[in-house]
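One letter stands for each residue in the lines below.
Number of protein chains: 2
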Amino acid sequence: MLTLPALIAHPGVVLAGATDLRPEALQRFSEEFGAPGYATLDELLQDETIDAVYIATPHDLHAVQTLAALRAGKHVLVEKPMATSVEDCLAMAGAAREAGLALIVGPSHGFDEQVRTAASLVASREFGQVRMVTALNFTDFMFRPRRPEELDPARGGGVVFSQAAHQIDVVRRLVGSPVTGIRAVTANWDSQRPSDGAYTALMTFEGGAAASLSYSGYAHYDSDELLGWISELGQTKDPELYGQARRQLARIGTEGEQSAKAARTYGGDGPRSAKAPHHEHFGFIIVSCEKADMKLLPTGIEIYENERRIFHPIAPPKVPRAAVLEEFVAAVAGRPTGLHDGQWGLETMACCRALIMSSSQGTDVDPRKIITDLQVENFK
Amino acid sequence: MLTLPALIAHPGVVLAGATDLRPEALQRFSEEFGAPGYATLDELLQDETIDAVYIATPHDLHAVQTLAALRAGKHVLVEKPMATSVEDCLAMAGAAREAGLALIVGPSHGFDEQVRTAASLVASREFGQVRMVTALNFTDFMFRPRRPEELDPARGGGVVFSQAAHQIDVVRRLVGSPVTGIRAVTANWDSQRPSDGAYTALMTFEGGAAASLSYSGYAHYDSDELLGWISELGQTKDPELYGQARRQLARIGTEGEQSAKAARTYGGDGPRSAKAPHHEHFGFIIVSCEKADMKLLPTGIEIYENERRIFHPIAPPKVPRAAVLEEFVAAVAGRPTGLHDGQWGLETMACCRALIMSSSQGTDVDPRKIITDLQVENFK
Numbered sequence: 001m002l003t004l005p006a007l008i009a010h011p012g013v014v015l016a017g018a019t020d021l022r023p024e025a026l027q028r029f030s031e032e033f034g035a036p037g038y039a040t041l042d043e044l045l046q047d048e049t050i051d052a053v054y055i056a057t058p059h060d061l062h063a064v065q066t067l068a069a070l071r072a073g074k075h076v077l078v079e080k081p082m083a084t085s086v087e088d089c090l091a092m093a094g095a096a097r098e099a100g101l102a103l104i105v106g107p108s109h110g111f112d113e114q115v116r117t118a119a120s121l122v123a124s125r126e127f128g129q130v131r132m133v134t135a136l137n138f139t140d141f142m143f144r145p146r147r148p149e150e151l152d153p154a155r156g157g158g159v160v161f162s163q164a165a166h167q168i169d170v171v172r173r174l175v176g177s178p179v180t181g182i183r184a185v186t187a188n189w190d191s192q193r194p195s196d197g198a199y200t201a202l203m204t205f206e207g208g209a210a211a212s213l214s215y216s217g218y219a220h221y222d223s224d225e226l227l228g229w230i231s232e233l234g235q236t237k238d239p240e241l242y243g244q245a246r247r248q249l250a251r252i253g254t255e256g257e258q259s260a261k262a263a264r265t266y267g268g269d270g271p272r273s274a275k276a277p278h279h280e281h282f283g284f285i286i287v288s289c290e291k292a293d294m295k296l297l298p299t300g301i302e303i304y305e306n307e308r309r310i311f312h313p314i315a316p317p318k319v320p321r322a323a324v325l326e327e328f329v330a331a332v333a334g335r336p337t338g339l340h341d342g343q344w345g346l347e348t349m350a351c352c353r354a355l356i357m358s359s360s361q362g363t364d365v366d367p368r369k370i371i372t373d374l375q376v377e378n379f380k
Numbered sequence: 001m002l003t004l005p006a007l008i009a010h011p012g013v014v015l016a017g018a019t020d021l022r023p024e025a026l027q028r029f030s031e032e033f034g035a036p037g038y039a040t041l042d043e044l045l046q047d048e049t050i051d052a053v054y055i056a057t058p059h060d061l062h063a064v065q066t067l068a069a070l071r072a073g074k075h076v077l078v079e080k081p082m083a084t085s086v087e088d089c090l091a092m093a094g095a096a097r098e099a100g101l102a103l104i105v106g107p108s109h110g111f112d113e114q115v116r117t118a119a120s121l122v123a124s125r126e127f128g129q130v131r132m133v134t135a136l137n138f139t140d141f142m143f144r145p146r147r148p149e150e151l152d153p154a155r156g157g158g159v160v161f162s163q164a165a166h167q168i169d170v171v172r173r174l175v176g177s178p179v180t181g182i183r184a185v186t187a188n189w190d191s192q193r194p195s196d197g198a199y200t201a202l203m204t205f206e207g208g209a210a211a212s213l214s215y216s217g218y219a220h221y222d223s224d225e226l227l228g229w230i231s232e233l234g235q236t237k238d239p240e241l242y243g244q245a246r247r248q249l250a251r252i253g254t255e256g257e258q259s260a261k262a263a264r265t266y267g268g269d270g271p272r273s274a275k276a277p278h279h280e281h282f283g284f285i286i287v288s289c290e291k292a293d294m295k296l297l298p299t300g301i302e303i304y305e306n307e308r309r310i311f312h313p314i315a316p317p318k319v320p321r322a323a324v325l326e327e328f329v330a331a332v333a334g335r336p337t338g339l340h341d342g343q344w345g346l347e348t349m350a351c352c353r354a355l356i357m358s359s360s361q362g363t364d365v366d367p368r369k370i371i372t373d374l375q376v377e378n379f380k
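These protein sequence lines map, in sequence, to chains W and R.
In this text, residue positions in the first sequence follow the UniProt record's numbering: the first is 1, and each later residue adds one.
In this text, residue positions in the second sequence follow the UniProt record's numbering: the first is 1, and each later residue adds one.
A couple of the hints might just be wrong.
The list cannot tell twin chains apart, which means a pair is met if one copy fits it or any two copies do.
[What the hints assert, rightly or not] Keeping only pairs whose Cα atoms sit at most 30 Å apart, straight-line, the calculated DSSO-like set for lysine-lysine is:
#	residue 1	residue 2
1	380	261
2	380	237
3	261	291
4	318	237
5	237	291
6	369	380
7	261	237
8	318	261
9	275	237
10	261	275
11	318	275
Bear in mind the hints are in silico, worked out from the structure with no lab data behind them.
Extracted from the complex, chain W is given alone in its bound form (with noise of 0.2 Å):
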């Protein structure tokens, strides 16, 4: 639903068929965009007329479905977390390069505009070397309506996979340079929903940068305060409804979350959101250059520096997401383009897994090495 606008607003995107489990979302697909809807995966990538895939299912289908796609000659948009694994991430973006197709990961806050705009002001070099970046979020993840799996760390649920896979592309972005090292700890403290659900994380940068995140998705302190209240989509926020997510899961309860859920997702009866005045976000973001510290905000850059402060702002987005289908068509049409491919996605999965592994040996666990590994043992 929410990257539907953008789907909609793309010239060069045609809304050829779909599929879903639900006949509703289908007969509703058909009717608003007069394209047949198919019952399983399989007829829709018999499909000669489609040309690419966008794939927003359940963590765990990500690859089965990528793999099948990219088989039946598809480009493929999928969503992040890629997959819930490494293994599955390093098969996808293998077979996409050698299916010479495009296969883009997103979209993440790594594709926000001011990301984009403060990564380009980076590797400018015009403040100097990048050396320090500092990210912090703290949600309601964890009480918004959730699907079983969404908190099954085994299904690629909790928000290590779901919100560090975001605040990971960015600081990646940022930086430009690959990941070294993580050390971090990930935190499991509400007992009626036992899965992690916060962490914090030293990553450290080739040519020496590092950068401090930290996210907790427990619904108390609330850090869009220091984004002029605005919420992660661009929308403005009320400070008054503190504590709303866990009060009205506590009143629709288990039963009611599955459909609240439901709701949200195409064909349900749930609305669909507002147009958002402003760009979408990832939290409080500083980035520190030899000669200036940038403040990322929905509505521009916050300039520090030696002697000035200047804001750079950002015009307001026409369409939400537009810059993941900008990222997408032009990868399908042989652009170059390279930033959110399947071995970003996947070098971005081995962070997550560098994230946890870490956590739990109490140790800096190098994601280039978690891939390298992988890579020998697949060719023994």
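Given the coordinates of chain W, work out where chain R should sit on it, guided by the hints.
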């Protein structure tokens, strides 16, 4: 100068003598307090009317002067950092213990009233176990007037000893259990002031809590904006004075820097600072317990519980830094307080050392091991 109001205000303290290298400071002291100014520390320590000594000298003098004072039978209040090496701190803590004399390390922001209140709330377990602390502080530390040794890492210069000592004290107070490891990256990125000016660190604690600490002293982004523009010293701050520290420093030059620094010490010709309307603070701090987050402010504590958000106000300070004198006077009187004693200061210094070692080694460093290794070495 910053602690003088608390020394004057405390009914248990009489300023009975002083020593300083500058005759004009001694003369002013005698005029103001009707007590002798001594040309050397040895002479002061021979004054049998003096029970206790407050040592506020450059960092690399703390150890030798503290040990001399303890040998002379004086109780000691020594500024942080306690010394410039863990070896020295071990000797100081041991000497105080053996002599049965009070040794308190302070003031530091670990004494701040909101830290004390939040630490009590954590210890009460009212909100369940403490799981995560997020602390960041972006200041102009590197561009305030400095004596040369304050920027010389070999003499305890740079932000780790001066500033991480505060942040570590705060976080240790809040969590209330021993530090088991530190993973950190320190950074030195201004060739005009070559010293560690920033760091980011992940600390782990017995019981499983973790803390993220980030600090930059490079005077770009100012995190006091997250504290209602109240300065570290509890004064109201004008956000329009952006870049003031750096501009002043450029204007006065290296020689001007030395006289500017001297003007701010006792006997200098700088103005005495105005009474602060708010408590001191050390940046943005969120304490995450199982059932609530707490945000520490110089005016009180925002408590974000499961269902409600409440503000727990803290009465404004009657006199700044009163808490350190309360603790010191109590310790001198033999009453158990023991919070910021020699052992505490030793442990905080071991954390500072661990932070630096972790950055150069690229691994976790256990501050407890730094201390026990030295004890074994000393025993040989």
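Cross-check of the supplied hints:
In this homomeric assembly, residue 380 and residue 261 never come within 30 Å of each other (Cα to Cα): the closest approach is 44 Å inside a single copy and 66 Å across copies. In this assembly of identical chains, residue 380 and residue 237 lie within 30 Å of each other by CA distance neither inside one copy nor across copies; the values are 54 Å within and 64 Å between. Taking identical chains as interchangeable, the C-alpha atoms of residue 261 and residue 291 lie at most 30 Å apart only when they sit on different chains, with a minimum of 25 Å there against 46 Å within one chain. Within a single copy, residue 318 and residue 237 get their C-alpha atoms as close as 20 Å, which meets the 30 Å cut-off; across copies the closest is 38 Å, which misses it.
In this homomeric assembly, residue 237 and residue 291 come within 30 Å of each other (Cα to Cα) only across copies, at 23 Å, whereas the closest approach inside a single copy is 34 Å. In the homo-oligomer, the alpha carbons of residue 369 and residue 380 lie at most 30 Å apart inside one protomer (17 Å), although the nearest pairing across protomers, at 41 Å, exceeds that limit. For the identical chains of this complex, residue 261 and residue 237 are intra-copy neighbours only, at 21 Å inside a copy versus 46 Å across copies, given an alpha-carbon limit of 30 Å. Taking identical chains as interchangeable, the C-alpha atoms of residue 318 and residue 261 lie at most 30 Å apart only when both belong to the same chain, with a minimum of 27 Å there against 53 Å between chains.
Within a single copy, residue 275 and residue 237 get their C-alpha atoms as close as 14 Å, which meets the 30 Å cut-off; across copies the closest is 38 Å, which misses it. For the homomeric pair residue 261 and residue 275, the shortest alpha-carbon distance inside one copy (20 Å) is at most 30 Å, but the shortest distance between copies (55 Å) is not. In the homo-oligomer, the alpha carbons of residue 318 and residue 275 lie at most 30 Å apart inside one protomer (9 Å), although the nearest pairing across protomers, at 51 Å, exceeds that limit.
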